[in-house]
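Protein chains: 2
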Amino acid sequence: QMPRGNLETIHHRALVLAQLRKWLDGLRFRDAFECMRKLRINLNLIYDHNPTVFLDNIEIFLKQIDSINHINLFLTELKEEDTTTTMYPCPSHSAVGKEGKKVDVVCDALRSTMETLDPQKYCLCILTSHVRKTTPELETALQKVHELRVNPPGGTSSVSAEEALKYLLFLVNVNELYEHSLGTYDFDLVLMVAEKSQKDPKEYLPFLNMLKTLEPNYQRYTIDKHLKRYRKALHHLSKCGEEHFTEMLNLVKDQRLYSDALELYPSGSQQYKTLSVAYAEYLVEQQQAEQAGLLLWRCGESTRALQAFVSCTSWRNALAVAAQIPLPPQQLALLARDLAEKLLEARRHTEAALCLEQYAKDCEEAISALIQGAAWEEALRLIYLYNRQDIIETDLKPALLEAHSNQTSFLESQKALFIRHKNRLSVVRELKAKASLELFGEDGPDCADAELYSEASSVMTGSHLGSKYSRSNSRISSRSSKNRRKAEGKKHSLKEGSPFEDIALLNALTQIITVVDKMREEVHSLLKALVLFQFDDAASALQRDYSDLLLLMDKSIPDIWSENLQPGQNTLTGPNSTVNSIVASFQQQKPAVPQQDTEALAPPKMRNSVKWKLNILK
Amino acid sequence: QMPRGNLETIHHRALVLAQLRKWLDGLRFRDAFECMRKLRINLNLIYDHNPTVFLDNIEIFLKQIDSINHINLFLTELKEEDTTTTMYPCPSHSAVGKEGKKVDVVCDALRSTMETLDPQKYCLCILTSHVRKTTPELETALQKVHELRVNPPGGTSSVSAEEALKYLLFLVNVNELYEHSLGTYDFDLVLMVAEKSQKDPKEYLPFLNMLKTLEPNYQRYTIDKHLKRYRKALHHLSKCGEEHFTEMLNLVKDQRLYSDALELYPSGSQQYKTLSVAYAEYLVEQQQAEQAGLLLWRCGESTRALQAFVSCTSWRNALAVAAQIPLPPQQLALLARDLAEKLLEARRHTEAALCLEQYAKDCEEAISALIQGAAWEEALRLIYLYNRQDIIETDLKPALLEAHSNQTSFLESQKALFIRHKNRLSVVRELKAKASLELFGEDGPDCADAELYSEASSVMTGSHLGSKYSRSNSRISSRSSKNRRKAEGKKHSLKEGSPFEDIALLNALTQIITVVDKMREEVHSLLKALVLFQFDDAASALQRDYSDLLLLMDKSIPDIWSENLQPGQNTLTGPNSTVNSIVASFQQQKPAVPQQDTEALAPPKMRNSVKWKLNILK
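Just so you know, the protein sequences line up as chains A and Y, in that order. Here the first sequence stands for residues 1 to 618, where the numbers follow this note's numbering. Here the second sequence stands for residues 1 to 618, where the numbers follow this note's numbering.
Chain A extracted, bound-state conformation (with noise of 0.2 Å):
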């Protein structure tokens, strides 16, 4: 049996907690404030259980509780999490979202009502809340506490300089608080602060008289470099004259300041260009040179800017920089070939044309560019733009021919893999279905299904078809290899028999829809060129092919992404199902699938308001 004492100190919390919120609803906090205090309940909740209420009645709460100690307290446990939802949830009460910072608003509100009251009586509160903060101003405290110093207070119920700095060290740590003071540049402070520290004054007199002997801008960048407020370094640095400009530029080269010290000059002068070189220098490492090139041509750094750009293929920069030197006609053709060649490897076949046409002057090359991009049109304008009919006969019309023989057989090996990953996931499922309704005890129709998991019909992957595809001239080449490269990325998972492998097919499909459904433009505009010049039999029978696939694409798409949308309800309910049946019959109808998969459970969207069709093809 336990001793009559202990059981006299036994709260319910429960009960406890109601009292204290009747108290907290009637602003009697000093009730509650005591209550908690011996109950070791946490300060917060005079605060969470109703922010509002207390903001509004801080001095209440202030003039009830009337002790610097157990405001510094209540100050010191102030924390962000809500104790309503964490420690003492209360049934009826809503977590209605409180934004902002907790800590700092109490703070903020405290102290303000006590500068207000009496800022000599509660001076110690007001240092913890400065102190309290989620990012602590112990400059501000160590201010407060230099003016005490200077101008100490007459009240009786005043406190000493002395007093409030040895409260601030039993708050804060003595290094920290000496850095803080050295961050004020009032050597007083520092002074007052080292002496009450443990620091050896060998160690940090010699430093602040070096200190003193410098120029004010100069000392503060050297407090605030020796601090690591390197933002601030530069500042003062800055002021310092011309003289320190490299040390200055160092320093930003350091502490990769560019966009500070920019800032700090005047866009017209000679340190502005020199930072902003330097920045460039910086952004070009970074794999940023068209930002680079961006900041080397405001400033006027043109020779460099164009370097720049042309390193990132900017080319429309580029060439408006080399236009503004201006470069000689000559180099600047070579520039623009030089543009040229990258814009090619980047299969930007359009802007290379542009590039070799407009500053190299060499239309045969940019038409073939063209022609090489299957931008036919575009060809066609040029042809007769520059009176080249004769390109007509010894380029356009081959490429025009390879170009449809391409996409014909591209469409060909695509139908191919997708019929086949589309018959492979019928079976899959089917035989998803029939493990399913084992498990749960019903018999499904006793066919050997074991083996059919292992069934000899193999899964191409897309990885067979690029390599027929590499000839340049039309972009099915960078579209295939792209293919492969993700078909790879997920082979794994299309292995017969693989958990997933019906997601790996959904994948496989939806990418196959994806790039055949994205030809709809270029094949309109090669069915358009092969009509002009009379090849109508290849563009009839390329209209054929391609509006088949997509057809049964489009008719596939209903069947494939079916069960994903609508359950099937036959085999749901009934005498033989539980609770559990039905519930992991729902939970089977999607798949617990890898979280990057999910997409494919979404059926693609087919573009089909993209006319792409020609009449007067049959």
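It should be emphasised that the hints constitute simulated quantities derived from the structure, not laboratory data. Among these hints, one or two may not hold up.
Copies of the same chain look alike in the list, so a pair counts if it works inside one copy or between any two.
Quick list of in silico lysine-lysine cross-link-like pairs, DSS-like style, CA-CA up to 25 Å [what the hints assert, rightly or not]: (1) Lys232 / Lys618; (2) Lys618 / Lys253; (3) Lys22 / Lys133; (4) Lys101 / Lys618; (5) Lys415 / Lys555; (6) Lys555 / Lys102; (7) Lys555 / Lys101; (8) Lys613 / Lys518; (9) Lys273 / Lys618; (10) Lys239 / Lys618; (11) Lys611 / Lys342; (12) Lys613 / Lys253; (13) Lys361 / Lys611; (14) Lys613 / Lys273; (15) Lys63 / Lys555; (16) Lys101 / Lys415; (17) Lys273 / Lys397; (18) Lys432 / Lys196; (19) Lys199 / Lys613.
All values reported here derive from a predicted model rather than from experimental measurement.
Position chain Y against the provided structure of chain A, taking the given hints into account.
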């Protein structure tokens, strides 16, 4: 009680079918056939039971049946329906998808076997097999009758032409047969059929006599036209020589047989050109002016082609044709301006600029078009190419600042709308959840939610926004007017309390996300231009705004679209739940929405891989 005699004729269908299947499996077609005739079982079952076996054993079938009438009976009873799945389903029978046209397959297979075995004996059956095809082959059947008449067979079992024709008339309507006999262009045959028919010789003889006087090709054309076989008519008319070309052109126009007609003439001929022009006129009427242009161009009608291309703003082709004609420089410039105007109306600024620059030789207008289209880099390129830096101050910079302010306010409005919709959505969902809890007899927290439905938080539709940004300087205006149209189309369901308000909100949110996400490239290019001209503050602000909004959307997507992916399972099962409540709560997670709205259930994808931020901005 039933009289005894009747009972004997009652057969249990299942037993009968089982017996039939056994017979058919044993290739005892005769027994099966007799039984089926007697018990009026559909003869299709003979084939449907096992198509492959039947087709492999046609000879056995024919020999066992060995009756012309019975074979004809079988042929006439054929239909596409698979009786094993419709009339006589078999429990152990797995429905294998049979492809192709069953009736045609059986007819052709039987006929080919009969023709090998004894064409004379099976003569009538062969005729039946022609007539029974999906598209009856009446001409072929008539031809066979005609052969019988010309070369009467010698055998005793053989059928006379007379008999055969009589049989045909029994199978086919007499007028139909007459028309088809005409279609063989064989007047003997026509007369033979006509004599058998009840037709009045005064009706058909003059027509036949008239036909006989015509030149053979024109004769056939006249017959084809009479039979409305316009493609054949065209073919024959084309052989009648130059003097009938006008008649042919009229036929082509009347029957829109342009493609067919073009195939009948060499592409260099005058007729080909005339037909192309006619076709082009028709295509222009059908809003297919570009295809019309291609046809005209390729047959050498450059001026007409130019008109067609201009009318549909197919500007590259138009300029190519114009250069080929060649148009005098003055006119070419006018043409280019005309095209540029149309392109500007269609907001295709870059293309308009190209026309103005290269063909109208008006760099100032070209640059202005580019600035209007927010193609800053391209505008700069031309400014420096033509050494018109003055335009930077007069036009480019003001346009940049205006674009900046437009983008800023557009983002602001989209953000406000997004937040409003998002908040309303969570209100609607809460209400729906409560409503469904109450539906299942569970006690939801008692609060008055009915009023909440008509809560005062008004939901703004996109339509308020567009009007502010109607300046043409940036692409915003076209975008928001599109939004407006879309939003108006669905306004009814965004109304508070409408049954699919949540779906409407999801749609609206998807739209906002898509529109804002699409701005990445545009904002990126604007930021670069702003930086180049030292508008760093404006650029930083825009980058911050846009980045914040994208982040807000990205973070909101899981909240907004969570319900569709993760069923909240806490209220699903429990002592009070029933099978119906569980099923219903699953289904309720996927609201039964109108079909066209289901896409709203999938979260929109944000293109977070598109890098648009500038590192040099804060």
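Evaluation of the provided hints:
1. Lys232 / Lys618: Classified as between; 17 Å across copies, 76 Å inside a copy.
2. Lys618 / Lys253: Between copies only: 17 Å across, 68 Å inside.
3. Lys22 / Lys133: Neither, since 30 Å and 94 Å both go past 25 Å.
4. Lys101 / Lys618: between (71 Å within a copy, 24 Å between copies)
5. Lys415 / Lys555: within (13 Å within a copy, 39 Å between copies)
6. Lys555 / Lys102: between (58 Å within a copy, 23 Å between copies)
7. Lys555 / Lys101: between (56 Å within a copy, 21 Å between copies)
8. Lys613 / Lys518: within (14 Å within a copy, 28 Å between copies)
9. Lys273 / Lys618: Result: close only across copies, 20 Å inter versus 66 Å intra.
10. Lys239 / Lys618: For lysine 239 and lysine 618, the Cα distance is within 25 Å only across copies (23 Å; inside one copy 79 Å).
11. Lys611 / Lys342: between (33 Å within a copy, 21 Å between copies)
12. Lys613 / Lys253: between (59 Å within a copy, 22 Å between copies)
13. Lys361 / Lys611: neither (36 Å within a copy, 34 Å between copies)
14. Lys613 / Lys273: between (57 Å within a copy, 23 Å between copies)
15. Lys63 / Lys555: For lysine 63 and lysine 555, the Cα distance exceeds 25 Å both inside one copy (78 Å) and across copies (44 Å).
16. Lys101 / Lys415: The answer is between: 24 Å across copies meets 25 Å, while 59 Å in one copy does not.
17. Lys273 / Lys397: between (54 Å within a copy, 22 Å between copies)
18. Lys432 / Lys196: neither (77 Å within a copy, 66 Å between copies)
19. Lys199 / Lys613: neither (86 Å within a copy, 48 Å between copies)
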